[in-house]
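8 protein chains.
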Amino acid sequence: MDEALDALVRGPAAGYADLGFARVDTHRGLRTGDPEVVFAAGKTPAQTVALFHRLRASGNRPAFATRASADVVEAVRAAFPGAAYTDESGTCVAVGEPPATRGLVRVVAAGTSDAAVAGEAAFTARLFGAEVERIDDVGVAGLHRLLAVHAELDSADCLVVVAGMEGALPSVVAGLVSVPVLAVPTSVGYGASFGGLSALLAMLNSCAPGVAVCNIDNGFGAGVFAARVARAARERPTRTPH
Amino acid sequence: MDEALDALVRGPAAGYADLGFARVDTHRGLRTGDPEVVFAAGKTPAQTVALFHRLRASGNRPAFATRASADVVEAVRAAFPGAAYTDESGTCVAVGEPPATRGLVRVVAAGTSDAAVAGEAAFTARLFGAEVERIDDVGVAGLHRLLAVHAELDSADCLVVVAGMEGALPSVVAGLVSVPVLAVPTSVGYGASFGGLSALLAMLNSCAPGVAVCNIDNGFGAGVFAARVARAARERPTRTPH
Amino acid sequence: MDEALDALVRGPAAGYADLGFARVDTHRGLRTGDPEVVFAAGKTPAQTVALFHRLRASGNRPAFATRASADVVEAVRAAFPGAAYTDESGTCVAVGEPPATRGLVRVVAAGTSDAAVAGEAAFTARLFGAEVERIDDVGVAGLHRLLAVHAELDSADCLVVVAGMEGALPSVVAGLVSVPVLAVPTSVGYGASFGGLSALLAMLNSCAPGVAVCNIDNGFGAGVFAARVARAARERPTRTPH
Amino acid sequence: MDEALDALVRGPAAGYADLGFARVDTHRGLRTGDPEVVFAAGKTPAQTVALFHRLRASGNRPAFATRASADVVEAVRAAFPGAAYTDESGTCVAVGEPPATRGLVRVVAAGTSDAAVAGEAAFTARLFGAEVERIDDVGVAGLHRLLAVHAELDSADCLVVVAGMEGALPSVVAGLVSVPVLAVPTSVGYGASFGGLSALLAMLNSCAPGVAVCNIDNGFGAGVFAARVARAARERPTRTPH
Amino acid sequence: MDEALDALVRGPAAGYADLGFARVDTHRGLRTGDPEVVFAAGKTPAQTVALFHRLRASGNRPAFATRASADVVEAVRAAFPGAAYTDESGTCVAVGEPPATRGLVRVVAAGTSDAAVAGEAAFTARLFGAEVERIDDVGVAGLHRLLAVHAELDSADCLVVVAGMEGALPSVVAGLVSVPVLAVPTSVGYGASFGGLSALLAMLNSCAPGVAVCNIDNGFGAGVFAARVARAARERPTRTPH
Amino acid sequence: MDEALDALVRGPAAGYADLGFARVDTHRGLRTGDPEVVFAAGKTPAQTVALFHRLRASGNRPAFATRASADVVEAVRAAFPGAAYTDESGTCVAVGEPPATRGLVRVVAAGTSDAAVAGEAAFTARLFGAEVERIDDVGVAGLHRLLAVHAELDSADCLVVVAGMEGALPSVVAGLVSVPVLAVPTSVGYGASFGGLSALLAMLNSCAPGVAVCNIDNGFGAGVFAARVARAARERPTRTPH
Amino acid sequence: MDEALDALVRGPAAGYADLGFARVDTHRGLRTGDPEVVFAAGKTPAQTVALFHRLRASGNRPAFATRASADVVEAVRAAFPGAAYTDESGTCVAVGEPPATRGLVRVVAAGTSDAAVAGEAAFTARLFGAEVERIDDVGVAGLHRLLAVHAELDSADCLVVVAGMEGALPSVVAGLVSVPVLAVPTSVGYGASFGGLSALLAMLNSCAPGVAVCNIDNGFGAGVFAARVARAARERPTRTPH
Amino acid sequence: MDEALDALVRGPAAGYADLGFARVDTHRGLRTGDPEVVFAAGKTPAQTVALFHRLRASGNRPAFATRASADVVEAVRAAFPGAAYTDESGTCVAVGEPPATRGLVRVVAAGTSDAAVAGEAAFTARLFGAEVERIDDVGVAGLHRLLAVHAELDSADCLVVVAGMEGALPSVVAGLVSVPVLAVPTSVGYGASFGGLSALLAMLNSCAPGVAVCNIDNGFGAGVFAARVARAARERPTRTPH
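Protein chains in written order, with this note's numbering: chain A, 146 to 387; chain B, 146 to 387; chain C, 146 to 387; chain D, 146 to 387; chain E, 146 to 387; chain F, 146 to 387; chain G, 146 to 387; chain H, 146 to 387.
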């Protein structure tokens, strides 16, 4: 049995700490190369802070909470004064130095209403070790705005494309580039958008190959996936500027 | 009480014929300006032929059946030798001279698999009195194909845009033109397209204003609507060719 | 390459202004003939006001926001004192002189509870250049109320028919007229109306041809579409009053 | 304990016969006043015939099978030569003299494609003891056809209104009459009718009070309910013919 | 044309009053024999009070509002001091003497949580002219409670059976009686009850014939329907007490 | 007729007490061996307290309310000072000595966000007579945490496995053990979890045999079922500790 | 690390055989105490037979295939002449001596159309080591049939209750007994049963505690679960016959 | 304007060929680096062969059709004797030499019934330039089979994980590795799997980060995406064999 597998099974001894209300993966870095993330929905500020202390004590990767309420973010800020920082939506909070970057993720958003989800994706991808750039407000109803950034799209190692309503942007983008496109439907819309279902189904049915999909509003998951792709990518030959 | 209303109510006397299994609107032309259409699903060949005879006897507008099975089409052809004609999907059949045309409907299809629905829309719009032109296979994954026909799109009086899968084409088209865009979702796709639901929801949630939607695979309904818009439209100033 | 297409692609240079959080289409009028509309859901009052200033600066078409919260409407009113006006639902706000009208849109509502959506449609159609008249509270359960306005229905260039619950009104109206009928389902209802789904499905399945459908509660989209149809329509011969 | 209740509990001794594959309610007439009905879906011809023999042996009410395949109908016909009869859809089969009638049920169908379900309802209501009359092909898209039979509608003791597609007919009918309206959605339609869901939801959300709904294509259930209402109704004063 | 039909069409002259925001059916009694009901959802207290005044002015049937907010109820009470009364859920309010009763409706509720809907049904049925009795808390999980009232169930002219969760009660009741059973699903439940969908589907699929279904939580609709059935029923022979 | 059945039918005399708003099963212990449980959703504090008094008066089994609001819990605590106790979610409240235990239920939760539902299950199972132990935070994304408790899983008489999001834990657990696995989906998640639907469907489709499923968030139902299984189980031979 | 866990991880060496197209668990008996079952849907007859040979070679527990097509059953019969046997639906096939029984499972079916699923459950429970008895055709519409077998229901160690349509039977049964009730919805029904969804939702929302649910038509899963419960149950004191 | 963009717009001249029924992207390689793929659903054998000829004529990348019927595959084989090859499901067919490989994709399938979709993914990834290896039949119900291949999983550049039913495998795999996991739900299952919906929702809600999802049964899309990730990945340091 190889050592990694052995470590996996022997986990109870060394791989996590039991806090009573949660089991913290202190060796997760070993397993996946990424920091442990706290899903803060349903957790109290005190529980979240306790988890952050335990995670910070077991290494120097950043601790990172998603779906945090304002109370939780406030508590983390208070517990780690000056060291905590958040994304623009204010629902992600992290403590600790982000890793050095490798590879480039571009986060593309259809409308300004999609900015919160795009922000979560960008924040996450950066924390997971990728360089990140954003392109906002290039929805398909104004195609010339998208075409104007065409060359930039194809020069990333992975694209995260965020859209609500009819969710058409990933299909159009994927027809223009040869890099992997990670589509994130948002709950932006009303009526028959059914909380993002319309965008989700559209993205799953993209006629352009090379599109994979995350859960509705799941900027976090997209950020993790995209960072993994970008970090592992070869250096790209320098492109002539356009 | 004005006369039109009076005629409406007195309909039983003059406005339809009772065939036992159906009541045929013989004066429908008076009411809507369009030929009566037979929804042939669930009707026998004999019933459909009887309806055609009755409709043809009461005027000289074409009689027209949709959702016709092969048997029904065959029976109509046999009953009206040389006078019946069908669309390319073979599920629409008509007898009688189509009216003179006024206005232009362009039917735009995303993929070759959408051709049957596009054909039904084109066939119908022509029978309802509009000139019709088609543009096929201009899906959003190959945007340059669509941009190449950009000027043609904006010179129609009404566009019918047909797409399956993610149903993105109407949004992209509506962002390029200022004419009304009638979107028709098709059941082309698989898995989470759920028989056309993905395209339907996408089109209903179009971020581009000026899009209205028909039922899944309902080329007929789109053709009627588009013809009414086109027939009523003013002459357009001649455009410089491009 | 024709000039319109060239302008489309060269858009980045001249077609929009980058405000950081949004890209404003300043030349959209060129492309679609309509004013740019701000989808205000998820935008702050400050962002919306900034967009209005930029849009007003680039031409003299009205700027127009939909799905605006009370805060946003208030901020726009404060920024453009005396120049801003709203629809009866208070969720649409515009600044600037509406264009001259051409053609007639009639907005028909089934019940008084549908008035907000009907109001949004009427407000929008007027801003997009059509004359607008309204007919309220003519639901199918009191058919004589609808029959009483029968002749008026058929004298418009385009009808917008708004209904919640079972959404039957567009089918009944479409059987009475020969003009295009744009159906707008509303979320009025409870239980198995599922937020407007029942009316939406009913309208998509209308047995009367000549019906196209907008998203649930999407009075705005209906107004744009209807105005485009009406503006392009030929003068109609004067009808005898009834 | 009253006698009826006692009989209910003591049922095992006298109330049914155990055929091995089914328990036949031989005293059901006592309990509900109606004949036992065999739900033939999933039953073999032999099983159905056995059930019919047992039911006929225990009394002289008709035996009646619904959702019968052609094989089952054939087998019943063969087993009861000359005594079996079916509805027009050929999926209901009965043996035995129908009861004398009391009260009037009118079965109203929107389109000719709804005739099979309307036929099942009519067949059932007759077998459950009501007089039955039918009105076909009076869909809402041709309102004058419906208005022409307006007075007949209100002179029944119970109406069964059958419609597919948008299912609007029951709402319109219920607005015209003061008798109970039993709505039956059919699976007639395509695309977003989702097998009758659109009509079902529409009928459940009828804006006209006095509408109750049966399962999709459930003509049988509607027939039973309507017959019970009609049989129990008082004589109505004779109406002047119209 | 018979007189009733003529009156229907001539409605505009005499059949309703146009209040600007609503068209009030002042002659509805003529058409359906029932009082006009105001669907108060989305109406202001002032609008509702105005409708009540108009309705009261045109005859002496009670005016009746459903889905009324506390504000609306308060306003009606203030406008008609001493004359307004409500159901136990406080969402229905009426003004005016209820009609004399004829026939008996029994309203049966599965659990105490279903009482609000059962109350609306009972209140409505009484206002529409039926005698009403209630049986509460006889859910199928405690079958002896239901069997104890078995004889009462069968002695009504129409049963309204109200249940949430799995919605099994109407099936069990319909197996015990020979009177029409009107099933009303409620939104009582959680998780996979999906706001009453589970009970609704169960009731539509009842294996016991003689069940018809109303919309989720639609006690009002059930009350109207049941009252119409009961009012029209013949006197029943006195039953021996049990 | 055996005595139990006789008691069942004669229930009205002895089996329940009619409180006006509810019928209390005072003999339910006789029938099912479990305490009566009050579904407190939609009941007032006063009603719930009245039910508790009646239940406590008719025997010495604990009275137990689920889905109780904070008000209801407070009222019960006030009415039974010192005798009432709640679960960790604070939505279950009981009064009276729990029964002696027999058999062991283990409640396993995927994440800390699932703790409220797991707590309800544990609380219920204890009240229904089983010994209960909990294992928290062993989701499938950190498999070593689950493998570390592998032997404990297989030594229970019944497992309750609680998970939200993708609901994968029951399948993995069921592949490791030979005891019955009762899966409880929770509404933990967002976007396409649709309030727990994703976990529910996953659990119903478990590829590992020996899994049965409860309603979303239904810790109570799982606790009852698991306690019944555990109480009836034979003593298990002592396992060697691991 | 305890031995069971060690065996689990070292599985590759000893715990399964790699057939190329499948990995056969030859030591599964060690893990779960049950025979390996082949999910035959999508497997060829040759593949299934190969799996059976491998499973039979590694021990003497029976091999067992579910969801087998007629071709697969035929092939297994031919490969194991005289040793293969099937359930009454003909979709399950097994080879090898069933184990000795312990405990009693009763399989209760609502209608004769549910017999195939009930048969699969019974066949499976027997193969997994429980004694099995069946009670058929005791649907809730004929309650006296169910009450007649009341005492038998409560004397089993586990009940499997199978029903389609409204799926009410498990709720009614669970109110009568104190043993665990495993509910199996079937796809029997039409229209709004949506392939068994109505019964599934009803069972998940059962108002009677002590009900757990399996997938639609999943008699196999129910049989496994019930057998595990029954096998582990204590001897029950003999009941007096009734 | 950069050259790539210019080429995009000038597409009509050089970028595609118009075959009448389709527009073939002959320069698509320039745009995306991948071969053009024909979506063969709804195309005739003759159309597909014509497309293949045109694609083969414009370069030497392989032509590739998905969702091909047996007729289409047969026709392609006949048109390109000896040069056409298919995947194991027989629904993909290609002509032309596959490109040299770079990077490694591992395709992991839960059950043997998922093999067709896994095969399509593997076939596609190879055609799009990645090395491919498969791991079959490692579903979560037999965890030791999965743990046995643990090290192999983490040594790929991208994983495609295919599963039906509850779709739990991607979550478990993603918890074990640090490479991107592309999840493909299959329609394997029955009842409440609703054609793959259960697996799709589960995968979208994976609690393990680093999972992205493709459409149900969309092995093709997964293959394209995974190949793009793998081809772009850096050389990985050699791992010690295990």
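Any given hint could turn out to be false.
Claimed, not checked - One-sided excerpt, in silico: chain A residues whose CB lies under 10 Å from chain C:
#	residue
1	Ala215
2	Val218
3	Leu249
4	Ala337
5	Ser338
Stated by the list, open to error - Footprint (simulated), chain G over chain E, 3 or more residues, beta carbon under 8 Å:
#	region
6	230 to 243
7	294 to 302
8	315 to 322
Don't read these hints as lab results, they were simulated from the structure. Heads up, the beta-carbon is just placed ideally off N, CA and C, and yes, glycines get one too.
Checked hints:
no. : hint       : in the structure
1   : Ala215     : violated, 17 Å
2   : Val218     : violated, 19 Å
3   : Leu249     : violated, 21 Å
4   : Ala337     : holds, 5 Å
5   : Ser338     : holds, 8 Å
6   : 230 to 243 : violated (count 0)
7   : 294 to 302 : violated (count 0)
8   : 315 to 322 : holds (count 5)
This entry does not satisfy hints 1, 2, 3, 6, 7, going by the numbered hints stated previously.
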